[in-house]
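A.B. asks: Combine the two chains into a complex, taking the hints into account.
Residues per chain are reported as follows:
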Amino acid sequence: EPEVTQTPSHQVTQMGQEVILRCVPISNHLYFYWYRQILGQKVEFLVSFYNNEISEKSEIFDDQFSVERPDGSNFTLKIRSTKLEDSAMYFCASSVGQIETQYFGPGTRLLVL
Amino acid sequence: EDQVTQSPEALRLQEGESSSLNCSYTVSGLRGLFWYRQDPGKGPEFLFTLYSAGEEKEKERLKATLTKKESFLHITAPKPEDSATYLCAVRDNYGQNFVFGPGTRLSVLP
Chain A
2 EPEVTQTPSH
12 QVTQMGQEVI
22 LRCVPISNHL
32 YFYWYRQILG
42 QKVEFLVSFY
52 NNEISEKSEI
62 FDDQFSVERP
72 DGSNFTLKIR
82 STKLEDSAMY
92 FCASSVGQIE
102 TQYFGPGTRL
112 LVL
Chain B
5 EDQVTQSPEA
15 LRLQEGESSS
25 LNCSYTVSGL
35 RGLFWYRQDP
45 GKGPEFLFTL
55 YSAGEEKEKE
65 RLKATLTKKE
75 SFLHITAPKP
85 EDSATYLCAV
95 RDNYGQNFVF
105 GPGTRLSVLP
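Sequence order for the protein chains is A and B. The first sequence runs 2 to 114 under the numbering used here. The second sequence runs 5 to 114 under the numbering used here.
Hints in this document: simulated from the structure, not taken from any laboratory. Be a bit skeptical, because a hint or two may be false.
As the list claims (entries may be wrong) - Example chain B residues on the side facing chain A (calculated, C-beta under 10 Å, incomplete): (1) Q42; (2) E62; (3) A93.
Cβ atoms here follow ideal geometry from the backbone N, Cα and C, with glycine treated the same way.
Just chain B, with the same shape it has in the complex (with noise of 0.2 Å):
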């Protein structure tokens, strides 16, 4: 069964402090994992998609990486506007559908 496991639970940054979130998954057979931003109440807005260990995908100031085990949301200078829940999600090769993790809340003060 894929298991979706994300940490830490909640963040608080301060405005320009960098860190990560990390998602570690196990799957059979990784096809995706997925990184998508929920704002409260909203539905998961997409950020990124990876596809192999070793892959990098970057957008302003995030940055997202994958190993065979895990993938990191690299969050550089962040600002207010970053504070959301951050979800990551995989797709094994035998499923169409999701499975996602818990998210991490992230708050970044000003």
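For reference, chain A alone in the conformation it holds in the complex (with noise of 0.2 Å):
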């Protein structure tokens, strides 16, 4: 069964490095989407992405925020300068179309130091 993969599983950065979270939708989906989950709080939207550009932004999602899809497979978040407060889980996740179900990959575990 197909299913979105992210890289890498668990992250640890300091205070005001880059990093680039890594996903890989399901082959036949054409919208993705990056979530966030700080310990013991909700899931929260971050932003979807359509046809090569962002379609929807969270208020969360700032300019230290971007996403890309460099290539026809991968669909990347980068944080530019981390926060302490970015520490979280961040999920990525794809549907085939706009109102579809949104199947989530298994998450990516960021610790800023």
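C.D. replies: Structure follows, in structure tokens:
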């Protein structure tokens, strides 16, 4: 069964460093998403991406964040200058269509020291 | 602004003891309500999608129902492997993102 994959599973970084989180969505899906979940809190929407551009973003997704689909399979989330409060699980998701079910990856646990 | 609440926050059941989890929502035009299961340290695993009031979906010991204001996830004769956090999410007519509830943490004791 096709699934969303994410790398790395864990990332530890120093405050102020750049990190890139990688995702491989399900191959026939067209819509891609990033969410985050701070420990013990709700899953929160960051950004959606379709047709090589951002289609929607939340207030959390400020200028420190960017997304890219560098090739036909990968979807990346970059945090330019990490802050302590960026420590969270980051989930990638994908869907066939705009209103279809989103399928989530296993997540990347980011720890900013 | 879309809002999703879930109750109870945590639920402990004995194996075989059936119960229901609640998801209440406020949304500008419901485009879909989604149930996910999340194990500790893992990503949400899709369970059900419901689109309109009166709709029901079933899978093994789980059954999801939807009204105009809430959804229930009924668990019949649960087993210890059903222990997880169950998340509810909604999508409205205007956005592509999901708004998640805080989840119900279910523990099923043998």
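A.B. asks: Hint numbers the structure violates, sorted upward?
C.D. replies: Structure breaks hint 2 only.
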